[in-house]
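Listed in order, the protein sequences are those of chains A and B.
Every letter in the first sequence is one number past the one before it in numbering that gives the first Met the number 0, and letter 322, counting from 1, is 321.
Every letter in the second sequence is one number past the one before it in numbering that gives the first Met the number 0, and letter 142, counting from 1, is 141.
Simulated from the structure, these hints should not be mistaken for laboratory data.
One thing to keep in mind: the hints can contain errors.
Identical chains blur together in the list; that is why a pair holds if it fits in one copy or across any two.
Unchecked claim - Below, in silico cross-link-like pairs of lysine-lysine (DSBU-like), each with a Cα-Cα straight-line distance of 30 Å or less: (1) K88 x K207; (2) K487 x K462; (3) K487 x K475; (4) K379 x K487.
Number of protein chains: 2
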Amino acid sequence: MKIAIAQINPTIGNISGNVQQILQLAKQAVEQNARLLLTPELSLCGYPPRDLLLNPGFVEEISATLQQLAQDLPPQLAVLVGTVEPNPKAQQAGGKPLFNSIALLEAGKVQQIFHKRLLPTYDVFDEYRYFEPGLQSNSFTLTPLDSETSTQDSALKIGVTICEDLWNDEEFWGKRSYQADPIADLAQQGVDFIVNLSASPYSLGKQKLREAMLRHGAKRYQQPMIYTNQVGGNDDLVFDGRSVAFNRDGEIVCRAAAFETDLAIVEFDERSLDLFPSKIAPVPRSEDEEIWSALVLGVRDYTRKCGFSQVVIGLSGGIDSSLVAAIATAALGAENVFGILMPSPYSSEHSITDAEELAANLGITIHTLPIGELMQGYDKTLEPLFAGTEFGIAEENIQSRIRGNLLMAVANKFGYLLLSTGNKSEMAVGYCTLYGDMNGGLAVIADVPKTRVYSLCQWLNQKGMATSASRSPIPKNILTKPPSAELKPGQLDQDSLPSYEVLDDILSRMIHHHQSSAEIVKAGHNPVIVDQVMRLVARAEFKRRQAPPGIKITDRAFGTGWRMPIASRWLKSNSQQADCATNGQD
Amino acid sequence: MKIAIAQINPTIGNISGNVQQILQLAKQAVEQNARLLLTPELSLCGYPPRDLLLNPGFVEEISATLQQLAQDLPPQLAVLVGTVEPNPKAQQAGGKPLFNSIALLEAGKVQQIFHKRLLPTYDVFDEYRYFEPGLQSNSFTLTPLDSETSTQDSALKIGVTICEDLWNDEEFWGKRSYQADPIADLAQQGVDFIVNLSASPYSLGKQKLREAMLRHGAKRYQQPMIYTNQVGGNDDLVFDGRSVAFNRDGEIVCRAAAFETDLAIVEFDERSLDLFPSKIAPVPRSEDEEIWSALVLGVRDYTRKCGFSQVVIGLSGGIDSSLVAAIATAALGAENVFGILMPSPYSSEHSITDAEELAANLGITIHTLPIGELMQGYDKTLEPLFAGTEFGIAEENIQSRIRGNLLMAVANKFGYLLLSTGNKSEMAVGYCTLYGDMNGGLAVIADVPKTRVYSLCQWLNQKGMATSASRSPIPKNILTKPPSAELKPGQLDQDSLPSYEVLDDILSRMIHHHQSSAEIVKAGHNPVIVDQVMRLVARAEFKRRQAPPGIKITDRAFGTGWRMPIASRWLKSNSQQADCATNGQD
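Please work from the sequences and hints to get the whole structure.
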């Protein structure tokens with residue numbers, strides 16, 4: 000029996016458009032003689048729908064569409080579709096009003112409904128905000144079309160799980176996160192194979208973890224597993240696809256494409272009761288390649304799903320904006336990327352020539368808008384108030400905000416999406432200007448630490464770009480010169496910050512591993528620097544709160560999964576408080 | 000037996016400072032012969048601590064401080080303190096790592112720990128993200144000091160509930176939200192009275208609801224109820240205090256101050272087993288007075304808790320900035336409020352004179368920074384790119400962003416906090432400029448609809464301000480002239496938007512009542528306007544995502560409790576998508 004995995008790229012709330020994707024792949028699945036089609040979690044509305052779920056009209060549209068879809072699908076194909084279902088007992092028994100559900104559609108009708116049992120409520124996930132957990136083990140029987148005698152005897156019993164339902168094997172994790180383990184329950188009941196319908200967002204190394212976990216489960220329970228994932232970018236989250244299937248020996252038998260829509264077919268052998276080997280898409284050859292692909296997809300989908308086709312980027316001649324321009328070029332085509340150079344009297348000669356060389360390499364159009372006269376204009380306007388004060392952070396920020404204003408003017412005038420270019424290290428310590436270089440609809444590399452920005456550019460130069468005139472798109476000088484904000488003469492990042500190798504290690508321990516300063520110092524870092532970094536991170540919270548969405552590529556990003564108070568004293572000394580809502584490159 | 004309610008104003012994460020507040024009120028409670036002191040939910044760390052709870056070091060500091068506090072408190076006083084407790088069974092049984100708890104401290108020791116049973120996970124609340132629900136009914140016994148024979152016989156049994164534990168009476172609400180009802184459980188067990196330790200954020204009318212609910216519970220179960228609430232502003236949330244007690248007949252016997260720290264004393268009569276009448280603070284005389292008090296406290300606390308003492312505000316001569324200036328003056332004193340006038344060639348004469356009159360009325364210092372030359376500077380800089388295009392939204396936004404840049408320059412130079420002045424109606428439909436008039440550390444009236452802005456100003460003029468030179472601080476012309484952004488000649492808000500009466504009613508139905516466009520039309524609104532408003536709200540999501548925290552005064556604010564996707568198609572037509580990340584006053 001053939002099972003088709005529809006790795007679709009839904010747009011949140013575009014219910015009719017998402018259904019069209021399902022219908023199209025259902026047609027292809029039938030052409031390939033599939034009996035069962037799997038779609039991702041919440042495939043009708045896309046994941047995550049967030050507070051759209053609070054609108055009764057939204058839920059009603061999903062329900063109505065589900066009924067219509069059942070009629071429109073090929074009747075001989077059984078299809079599992081992700082949907083939401085009202086919880087009829089919510090008001091009397093107490094509980095959330097909805098379930099996160101899967102509907103089994105077949106022969107023109109909704110045949111069965113299954114509810115997700117484990118509801119992730121951590122990091123970017125808010126499922127307990129909307130959903131009541133299902134309490135029952137989920138399975139259905141399906142008679143293969145091609146079986147010679149289509150009797151009950153030949154019917155297969157298929158276990159159904161939804162995303163997080165898979166993630167609670169205490170043997171694999173060394174702990175439980177939830178009381179129930181839906182996989183263990185299904186194995187105990189006895190099913191022929193287990194499907195999991197997911198919308199699992201990308202982070203670096205996540206696929207290794209998923210495959211290790213699936214392999215473990217398949218072997219532990221001697222149970223073939225077929226995992227379907229969503230693909231595509233939705234705001235800060237990129238879903239990487241890579242749907243995958245394992246046979247009962249824990250061997251991988253199928254892997255769908257990474258970061259692309261796909262229709263993968265696996266075949267269940269009713270004699271051996273196991274999956275046949277099938278097409279296995281390769282994994283990225285390096286971490287840099289994987290991250291690059293995620294960022295390209297994230298930019299392409301955010302741009303497209305917001306209705307834009309063209310983007311504008313401020314090019315400083317620095318490595319961050321160069322990487323963002325390269326990503327945008329790969330995502331949208333050189334003809335859809337516009338670079339703006341905005342030199343000031345503090346800009347070095349190379350910052351202009353480096354940006355020009357980059358643009359030539361990428362084949363993108365650039366314009367130059369010098370800001371010297373506007374800087375003088377602000378100086379003159381503010382002179383009555385600022386007379387007698389020293390040049391400082393206020394003046395540095397004015398420059399950054401002039402550039403931010405010019406970029407938004409170009410974006411507004413021509414209908415471009417502005418991409419911002421700050422990296423995660425900067426966003427962490429607040430080495431960026433709110434309403435200045437932070438401006439944009441999408442912060443492309445806001446979850447990419449500075450050291451990774453370098454390695455991505457080096458990887459890119461080794462690989463070369465299809466759209467690039469030269470084999471090495473990032474000019475060598477951009478990779479080798481010391482980083483500088485160029486907001487005052489001779490300024491270097493390392494005048495204000497530790498080296499990026501040191502900074503990124505401290506940040507990783509603090510942000511990803513929740514280490515205390517004592518633990519970080521014990522790992523070999525200078526206590527003064529650790530203390531400085533922790534205070535900088537705490538006091539930059541007000542900037543991050545106003546940042547655009549950034550594409551998440553790590554297990555902890557400054558986005559919807561980062562929920563920190565601003566007016567808080569934790570980790571901040573009193574003296575630092577005075578800076579809490581100021582801006583600066585300090 | 001006397002029971003003291005410590006209505007404290009904690010700062011999030013300032014554990015040692017919060018303990019000092021508890022110790023100080025404990026001393027006063029002892030002086031007033033209290034036997035028991037109640038403090039709010041999570042009183043050690045302040046509510047809501049959010050993702051600070053993910054740091055093991057933070058939890059350890061709370062635990063260590065709790066032990067020390069037990070020793071430092073007067074030994075004869077029993078004290079209930081809000082704290083977090085590790086869940087020892089989390090890893091084996093599956094569950095969240097912490098409990099939201101109350102510790103009973105007495106005689107130098109932690110005597111008992113109680114866990115919160117109902118965990119709100121909706122709107123601004125994320126408790127299931129961090130906490131495991133408690134499963135047991137919570138009570139303790141206490142022997143009154145003044146009882147003539149201090150035997151077990153005279154001991155009182157006191158039921159303990161934490162905030163949401165109180166909010167699930169299916170008779171009062173007409174439905175259940177959770178399976179358990181901790182109040183019903185305690186009443187069934189038989190306790191002498193029930194205490195509830197809360198951190199319940201303010202919204203308009205919330206106190207009426209709380210008191211009706213407490214009255215209902217007290218009468219239904221013939222159970223005296225003592226409710227302790229946190230007070231103070233923490234980022235977007237204002238806690239209004241107004242701790243309150245009801246006797247077993249459902250009569251109010253005590254109410255603490257609104258929007259202020261307080262120590263209230265209630266007395267339990269061991270003969271009648273009921274509460275004696277005590278001091279009852281008055282309620283605000285109007286909705287406007289209540290909202291005004293919330294906004295003043297919100298501004299004062301955000302400013303103070305972020306370490307600022309002075310604020311700067313852009314004064315346009317319009318009603319929004321006038322109201323914000325008046326609130327800031329009441330919160331911080333006229334000497335700590337600075338107004339900046341930034342007239343352009345499109346500014347009317349009255350916009351300057353009205354702002355000057357307002358400033359004179361409030362007694363605040365103003366400076367004027369004309370922006371005409373900077374506008375010309377941008378025109379000149381952008382001329383090579385913009386030549387041949389029409390004046391439009393791009394140019395309007397440039398003006399707003401020049402002002403935003405100047406305000407931030409002043410804030411950065413002098414260490415002021417910038418307050419932004421947009422109202423909820425504007426924020427809803429996107430009639431505001433990102434990186435322009437939206438700039439600021441705190442959006443003071445972002446949850447105040449425009450029609451309420453008018454009524455607040457009218458109320459203020461009737462009441463007068465203590466700090467104001469004139470009895471009516473808001474100049475009459477500001478109240479009567481038609482609203483205008485003044486970004487092009489003769490521009491009026493009502494050229495682009497329906498009247499604010501109509502707009503605010505549609506928004507209220509959409510945002511607060513989740514009504515569909517069909518329902519709103521059925522209520523009598525023009526379908527074309529309803530459609531326009533709904534699409535404007537949907538497409539302005541990208542602006543709200545980058546807005547500063549706004550002070551929540553309604554049951555649904557655009558803040559931490561509003562979680563909408565940006566790149567979504569729900570309610571947006573395709574043609575509208577092209578504007579999704581542009582800005583404008585359109």
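Hints, one by one, checked against the model:
Taking the shortest Cα distances, K88 and K207 sit within 30 Å of each other only across copies (29 Å), while inside one copy they are farther apart (40 Å). For the identical chains of this complex, K487 and K462 are neighbours neither inside a copy (36 Å) nor across copies (51 Å), given an alpha-carbon limit of 30 Å. Taking the shortest Cα distances, K487 and K475 sit within 30 Å of each other inside one copy (24 Å), while across copies they are farther apart (47 Å). For the homomeric pair K379 and K487, the shortest alpha-carbon distances inside one copy (18 Å) and between copies (24 Å) are both at most 30 Å.
Violated hint for the displayed structure: number 2, the only one.
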